[in-house]
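Participant: Following the hints, position chain G against chain W.
Protein chains: 2
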Amino acid sequence: MRDLDREETYLVDRRGLALELRDLVGTGPVPKETYPGPHGVLAYGEGHLAASLLGLPEWVEEGTLFLLEGGYDLGEAAAMGLLAESGRAKVVRVGFREGVAAYIPPSPLSPYRYLRFLLLALGQEEALREVEAKLLEERRRLTPEIPLEENPAKFLAYTLLERLPLFYAPSFRPLEGGAQTLLARIGKSLSLTPPHAALEFFLTGLEARHEQGDPLAAVLLGGGEAASLAKEILESRVDTVVEVPPPEGSRLAQTMALWYRLAWTAYYLALLYGVDPSDQEVLERLRDLT
Amino acid sequence: MRDLDREETYLVDRRGLALELRDLVGTGPVPKETYPGPHGVLAYGEGHLAASLLGLPEWVEEGTLFLLEGGYDLGEAAAMGLLAESGRAKVVRVGFREGVAAYIPPSPLSPYRYLRFLLLALGQEEALREVEAKLLEERRRLTPEIPLEENPAKFLAYTLLERLPLFYAPSFRPLEGGAQTLLARIGKSLSLTPPHAALEFFLTGLEARHEQGDPLAAVLLGGGEAASLAKEILESRVDTVVEVPPPEGSRLAQTMALWYRLAWTAYYLALLYGVDPSDQEVLERLRDLT
Numbered sequence: 001m002r003d004l005d006r007e008e009t010y011l012v013d014r015r016g017l018a019l020e021l022r023d024l025v026g027t028g029p030v031p032k033e034t035y036p037g038p039h040g041v042l043a044y045g046e047g048h049l050a051a052s053l054l055g056l057p058e059w060v061e062e063g064t065l066f067l068l069e070g071g072y073d074l075g076e077a078a079a080m081g082l083l084a085e086s087g088r089a090k091v092v093r094v095g096f097r098e099g100v101a102a103y104i105p106p107s108p109l110s111p112y113r114y115l116r117f118l119l120l121a122l123g124q125e126e127a128l129r130e131v132e133a134k135l136l137e138e139r140r141r142l143t144p145e146i147p148l149e150e151n152p153a154k155f156l157a158y159t160l161l162e163r164l165p166l167f168y169a170p171s172f173r174p175l176e177g178g179a180q181t182l183l184a185r186i187g188k189s190l191s192l193t194p195p196h197a198a199l200e201f202f203l204t205g206l207e208a209r210h211e212q213g214d215p216l217a218a219v220l221l222g223g224g225e226a227a228s229l230a231k232e233i234l235e236s237r238v239d240t241v242v243e244v245p246p247p248e249g250s251r252l253a254q255t256m257a258l259w260y261r262l263a264w265t266a267y268y269l270a271l272l273y274g275v276d277p278s279d280q281e282v283l284e285r286l287r288d289l290t
Numbered sequence: 001m002r003d004l005d006r007e008e009t010y011l012v013d014r015r016g017l018a019l020e021l022r023d024l025v026g027t028g029p030v031p032k033e034t035y036p037g038p039h040g041v042l043a044y045g046e047g048h049l050a051a052s053l054l055g056l057p058e059w060v061e062e063g064t065l066f067l068l069e070g071g072y073d074l075g076e077a078a079a080m081g082l083l084a085e086s087g088r089a090k091v092v093r094v095g096f097r098e099g100v101a102a103y104i105p106p107s108p109l110s111p112y113r114y115l116r117f118l119l120l121a122l123g124q125e126e127a128l129r130e131v132e133a134k135l136l137e138e139r140r141r142l143t144p145e146i147p148l149e150e151n152p153a154k155f156l157a158y159t160l161l162e163r164l165p166l167f168y169a170p171s172f173r174p175l176e177g178g179a180q181t182l183l184a185r186i187g188k189s190l191s192l193t194p195p196h197a198a199l200e201f202f203l204t205g206l207e208a209r210h211e212q213g214d215p216l217a218a219v220l221l222g223g224g225e226a227a228s229l230a231k232e233i234l235e236s237r238v239d240t241v242v243e244v245p246p247p248e249g250s251r252l253a254q255t256m257a258l259w260y261r262l263a264w265t266a267y268y269l270a271l272l273y274g275v276d277p278s279d280q281e282v283l284e285r286l287r288d289l290t
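If you read the protein sequences in the order shown, they are chains W and G. First residue of the first sequence: 1, per the UniProt record's numbering; consecutive thereafter. First residue of the second sequence: 1, per the UniProt record's numbering; consecutive thereafter.
Please keep in mind that the hints were generated in silico from the structure rather than gathered at the bench. A portion of the hints provided could be inaccurate.
Looking from chain G toward chain W, a few residues come up when the C-beta cut is under 8 Å (computed) [stated by the list, open to error]:
{"no.": "1", "residue": "192"}
{"no.": "2", "residue": "196"}
{"no.": "3", "residue": "282"}
FRET-style restraints, in silico, Cβ to Cβ [said to hold, decoys possible]:
{"no.": "4", "chain 1": "G", "residue 1": "99", "chain 2": "W", "residue 2": "2", "range": "55 to 61 Å"}
{"no.": "5", "chain 1": "W", "residue 1": "30", "chain 2": "G", "residue 2": "224", "range": "36 to 42 Å"}
{"no.": "6", "chain 1": "W", "residue 1": "251", "chain 2": "G", "residue 2": "171", "range": "30 to 36 Å"}
{"no.": "7", "chain 1": "G", "residue 1": "123", "chain 2": "W", "residue 2": "38", "range": "28 to 34 Å"}
{"no.": "8", "chain 1": "W", "residue 1": "38", "chain 2": "G", "residue 2": "26", "range": "22 to 28 Å"}
{"no.": "9", "chain 1": "W", "residue 1": "98", "chain 2": "G", "residue 2": "223", "range": "26 to 32 Å"}
{"no.": "10", "chain 1": "G", "residue 1": "123", "chain 2": "W", "residue 2": "228", "range": "39 to 45 Å"}
{"no.": "11", "chain 1": "W", "residue 1": "30", "chain 2": "G", "residue 2": "33", "range": "51 to 57 Å"}
Glycine is no exception: its CB is placed at the ideal position from the N, C-alpha and C atoms.
If we strip away everything but chain W, and leave its shape as in the complex, we get (with noise of 0.2 Å):
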């Protein structure tokens, strides 16, 4: 097995996804202007995730709408697009298409840009500071010095490794979507999320599957009640279960610091199956594509 403590691990980041990874708080675009409000967003790929944490509305009749264009879309967002324009609101493209009003280029670790392109945008610099303290406070166990008994990010790999994760985060549930996303971009590894109804499905869904295939890892992302009744119910029925609780601080904190912990997390694993962790250039000619 490869030493995560060891430099000749990191040779397969070819492109130095750890630096990226380690200097992410503070990067990307900053608005020149101010946006009037009411606003509004739009988002696909990778803007997704920011735009479900700050619970905007996706369509406003005055104000701004942002549409954030950080994937593939088939068409639709064009069509969103015109839409928006057809409307009163301000339209703000953002992302790595061309003409877009602020400019993030692909990557993986680009949530985290377009959440920050929003907060600022919507003045919400004091939730910004807090998510970028809670980030810089788990970068300080996360880097690959930091060696594996100190280093949770680096354990969590570990415990992965082999197994097929299966994400459940009650408090923010598209956070698990988040999950699958960094383990497969990053690490280029499966895992699996919950339907809505989680609970029933770690009942129902375990049942008839006959240890033929990977163990399962249960990884528990943020704490309370339910998290609580799913690993009691987990724990007979998959191969580990993991609990990652929550940093303290407000839910966007909170979720963005675990996302971060996943990414280092994602970042180990490929790591650990000795695969470059940076993008590969298939998803280039996707974005062509699309």
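Facilitator: What follows is chain G alone, placed relative to chain W:
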């Protein structure tokens, strides 16, 4: 391997879920009064899919707010109900809790009943008629007496047996969770759904899987450009790709026809795994607890 065209295979269906599946159309409560608009809906558990399909707002200032209480809620729904009752809108509770205006008993097939109740309550009889016509049309080739070679649900069940299904429904993403729920609750088995950026997930998430787990079976629900792209990406990455084209009709009718076929598929899958397709007692305990 068990044979779906032999009677003894059906002995594990101890509580007769096949009858409930066959006679589903037309069951469930009907509204007893007219509910003034505008209409909103707050839904959890078995009511969730119906609410997503109709796309009603989650809050209305006046008119009627339907509370679909079709699952556990850990206090959140009660809070929502209180909040709802603090407004001027009439609150109509539907589900299996005490004191509801319309009672729908717990069942994996209840998503149809919530939808039917809502369509009737909204005066959308025409849309309901189209859904029910499609379901009856589907039924003609899905019931146990239809032999394998003419029965697409039996066929799909054999394809999914001993594989890990991966559902993708680009034209209506909430159907993926609906499919995952049916496979768990009826088929007692595990399946997978992609995150928001599904095509990227397909391109990256299957890289480091090491051929060690269950072989994956991708199930593409409905057609369109995204499904074609997904097929192209997945063909070289999973064990098998199954396309389930939708019947002609409205998005609502198409989605419910696919859902109904998946319910039969989950039923046959349970039989192939030799487990009872009906609800387990543990679900009742979960409901009492939450």
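Participant: Identify every previously stated hint that the structure contradicts and give their numbers, smallest first.
Facilitator: 8
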